[in-house]
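These are the residues of each chain, in order.
Protein chains: 2
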Amino acid sequence: MSTYIAPLRDMQFILNDVAGLDEICALPGNEECSVDLVESILDEASKFATGVLDPINRAGDTVGSVCKDGVVTTAPGFKDAYKLFCETGWNAMPFSPEFGGQGLPAVVTMAVNEMWKSANMAFALCPMLTGGAIEAIAHHASDELKQKYLPKMVEGTWSGTMNLTEPAAGSDLAAISTKAKAVGDGTYLVSGTKIFITWGENDCAENIIHLVLARLPDAPPGLKGISLFLVPKFLVNDDGSLGQRNDLICASIEHKMGIHGSPTAVMSYGEKEGAVGYLIGEENKGIGYMFTMMNHARVNVGLEGVGIAERAYQHALWYARERIQGAIVGDKSGVKKPILHHPDVRRLLMDVKARTEAMRTLAYYAAAQIDKAHAGDAVAQARIDLLTPVVKGWSTEQGVELSSAALQVFGGVGFIEETGACQYYRDSRITTIYEGTTAIQANDLVGRKLAREKVPGAGMKAMLAEINATAAELAGNPSLANIAVNLKNGANSLSTATDWVIANYESNPQAVHAGSVPFLHLTGIVAGGWLMAKSAAIAAQRIAAGDSDAFYQAKLATAEYFATHRLPFAAAYASEVTGGAAAVFGLPENLF
Amino acid sequence: MSTYIAPLRDMQFILNDVAGLDEICALPGNEECSVDLVESILDEASKFATGVLDPINRAGDTVGSVCKDGVVTTAPGFKDAYKLFCETGWNAMPFSPEFGGQGLPAVVTMAVNEMWKSANMAFALCPMLTGGAIEAIAHHASDELKQKYLPKMVEGTWSGTMNLTEPAAGSDLAAISTKAKAVGDGTYLVSGTKIFITWGENDCAENIIHLVLARLPDAPPGLKGISLFLVPKFLVNDDGSLGQRNDLICASIEHKMGIHGSPTAVMSYGEKEGAVGYLIGEENKGIGYMFTMMNHARVNVGLEGVGIAERAYQHALWYARERIQGAIVGDKSGVKKPILHHPDVRRLLMDVKARTEAMRTLAYYAAAQIDKAHAGDAVAQARIDLLTPVVKGWSTEQGVELSSAALQVFGGVGFIEETGACQYYRDSRITTIYEGTTAIQANDLVGRKLAREKVPGAGMKAMLAEINATAAELAGNPSLANIAVNLKNGANSLSTATDWVIANYESNPQAVHAGSVPFLHLTGIVAGGWLMAKSAAIAAQRIAAGDSDAFYQAKLATAEYFATHRLPFAAAYASEVTGGAAAVFGLPENLF
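Chains as they are written, first to last, in full-length UniProt numbering: chain F, 1 to 592; chain G, 1 to 592.
One chain only, chain F, in its complex shape:
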């Protein structure tokens, strides 16, 4: 079996040379961060990922989490790993020092989080959900709630969850029916059933802080009548110690196709007297607060696409170097070689590698925009608004495809569970669904982030201008000219499709939504191709300056691959957007 080794060189290149880590360290509040410090953090994180999380990933899949009488036992090794994870400070890394965090920039946590997701995606969901809950509390809850809950959550001693979905309220949050009523002492009683609650119950954390969307009596219907409540598993005494068990229970956990290590709970609130909850912020504003968690979570789920593709790649590469099978076409010696030498195995691995690098670059670049926006940069805010659905939607769709491509490298043994390739394939399949399906992301992109922008399309057009500038810059270098041409063509396709979306959204939003997912793919390919082109330009400069680090040769090669094998698909996606809507609706419903 293979061992996960963090791709530190690529991570550092992207952080330092593409995402501008030094700039970000210079922003107010990041004074303690430095390029050197980040390098040692990544080194330490890679050791934790390789040494602690990767070895228990398989047990997470084969044994998984088990629920009996409302008590969840996580997979062998998970509890100890979680303890160590918290003790060594990894849980606290991204959060504000005010509550015990280390306050590291988003771009740094992005690289570290990628390692957790590669090594053990099911495990990584626990700190990810806790992080989302921390964000929502930190931004919207009272000081009293913050002081009482955040320090333990930042440590990781208490984990956190997001409770949105109900049986009849999935993508349609307006249908939420869980109830809350004020008791009169400032607390509320919550009752209802929530499903798909990631890490909703577990034996790793001492307490679990549930953030629950519910309706107050007489609340307006729909999205404007939903409030957000903090509902702890154990009530917390004033001195911070744990009090009595709250009236909530894990009714069962789901039997899923993948991420078996992550307990996905059906949570039942208020079967007896009602679960004690605390209002976060104001009444009826819960949906807005929840989006604080959602945006955080969406970029992080996009990163799962990167992480799982990287891990699947490493596993397939290990096999492709080990497995000897057949002579190589065109090799007259007839010598049998590792299958990495077979052209199509080479193509599969190159495909996974190049596309994973493009996704990684986009994700870290997006995180840099989060850091800049946090420091007040409006341009960066517009960029991260635009790219959040792309990072989530495109990277997860790619992650599914690439974990499949990696499985294919194994041939017959790829389909055997013991080989381990199946796990990545199965695990990845949830990523295009949770935290908003690909269609939800795509509709956000063409709607809120484009056609319904204050100046429709302004954010996309600003990015396209930068993309075209990069293409023009590369065109001058003969060794990059091929990349430049493909990038320019891709940008033209995206520009045409953007204009079409803006021109048609008002009059025919259905037609635009019929092409929103192809538009998402198109945006991902062009944005990813752009950042790979920028990376190639930097690599070419270094080589021209005499730098002999082979990494730069490799980056040129993956950028060239992405340009010649992925950017040509931009035109096809654009034609689906601009010329395909009528055909989507061509069949009356009864004829399906």
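Note that these hints are calculated values from the structure, not bench results. Keep in mind that a hint or two might mislead.
Any copy will do: because identical chains look the same in the list, a pair fits if it lies in one copy or spans two.
No farther apart than 27 angstroms at their CA atoms in a straight line, the calculated lysine-lysine pairs in the BS3-like style are these [claimed, not checked]:
id	residue 1	residue 2
1	K332	K454
2	K83	K285
3	K285	K152
4	K336	K152
5	K68	K146
6	K285	K336
With the hints as your guide, set chain G onto chain F.
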């Protein structure tokens, strides 16, 4: 849960109007076949698929086959279903009346087999493998072996297997090391281990007839030193009764990601004295004989892509009609409707439907060529040679993508095993691997079927001429003009890529193989698009003639969708072929 209903109208349209069933019934040897007879056969088959095979599919997945001490117990219901399958004559349908078969044309068995694969792909593997073994025996074995084994195999009382793969010999059959030696009485003793033997051991058939590739002492090395042996589980007495147990055993069955109902065996031959085997045909010609089975099996595995996509589609459509979630974009009433009304759900289902129809049309069309070639038509033989790797490789790759698209329709519940969508997604994943991976198919296509043809590219160019003629024909009808333009563009891309393959194969076969899989996708899209265009032309004629069958409207709609959403991708695949080889090899092995 949904119930499988065979898409009889589409099947009959393709058989009668595209594949030319009446012509095929008129061929010598098919005199007893008629369009009416086929219609009633399909009706009966659909009842068997819906009533017997579909209901046990889930148990096949959840319980699966179990092996204990060499004895395999198949999933609940499988044994009874198999008995009924044989008793009602379904097993015998495709085979020669000489041995008790019904001798129906390939094109008819193709439609019937699709139903088995949709309803229960794991079950359908048993008759499929038996069929391959029957073909090999019927074509190559002595009359004595044929008389002794074929009648029971045609009935299905005895099942059959293909034993190719060994731990060190997967795609590279030249590495086979299983041994056979002549005893002197005309029989042989076989010893060695074979893996991935589909239905290698089971409790459904009374005897299992293994066809085993093995080497005789002093055989030449490589592919030219492999012979094919018939090795029965129970020796057969001269009167046809079962004799003693042969020296072979199922060592274990694999723990696979899908098709749990199909026991995939590790077979151990000759642990004691050696397993008694009978030479099929001549010594050292086993690989050629095995390809008789392989070509049969490849088209049939391609059909699995069709069958699983159809079943996944029906399951997702059922949910999309049932599940109510959210108001529809652009619908000012705000009324919540079934999710089929959401544009992206509509797109997903249209995508699965249109592409499944294209694959079905290609598979039945290919089967019609088999029937014509069987009657001596050399043009049809060239066409089926060309299309066999396309039906196998393209349809299975599509099947994986489409079962994923169907799962996406379910949203969160799609990832829960009880929903059933996961099974199709997991089951489908083997199809691009067994019976030759997609790369093996693609290399066969660009090599043997194109560049190394007697007149290189002649078969492809003949098909392209027909495709261009169809495009020209459609261009005259304004309602089909859009299809015509997209088909013409696709054909141009395929033509360019074909020329490139022929021009470069001799001097740089590695470069051609680096683009063989994109070339396979390209061929599939254009060939599928062509047959959908032909279908649209027929539908348009019927409508113009006053036929009010809504099926023709639906066919026009799916053809239009395929033309506007799939054919545009042809150009991108072609550019991967003609301009992407260098990039595949751009990274030295040590830099992966």
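Tested hints:
no.	hint	result
1	K332 - K454	between (64 angstroms within a copy, 22 angstroms between copies)
2	K83 - K285	neither (35 angstroms within a copy, 63 angstroms between copies)
3	K285 - K152	within (26 angstroms within a copy, 72 angstroms between copies)
4	K336 - K152	neither (58 angstroms within a copy, 42 angstroms between copies)
5	K68 - K146	neither (33 angstroms within a copy, 58 angstroms between copies)
6	K285 - K336	between (65 angstroms within a copy, 23 angstroms between copies)
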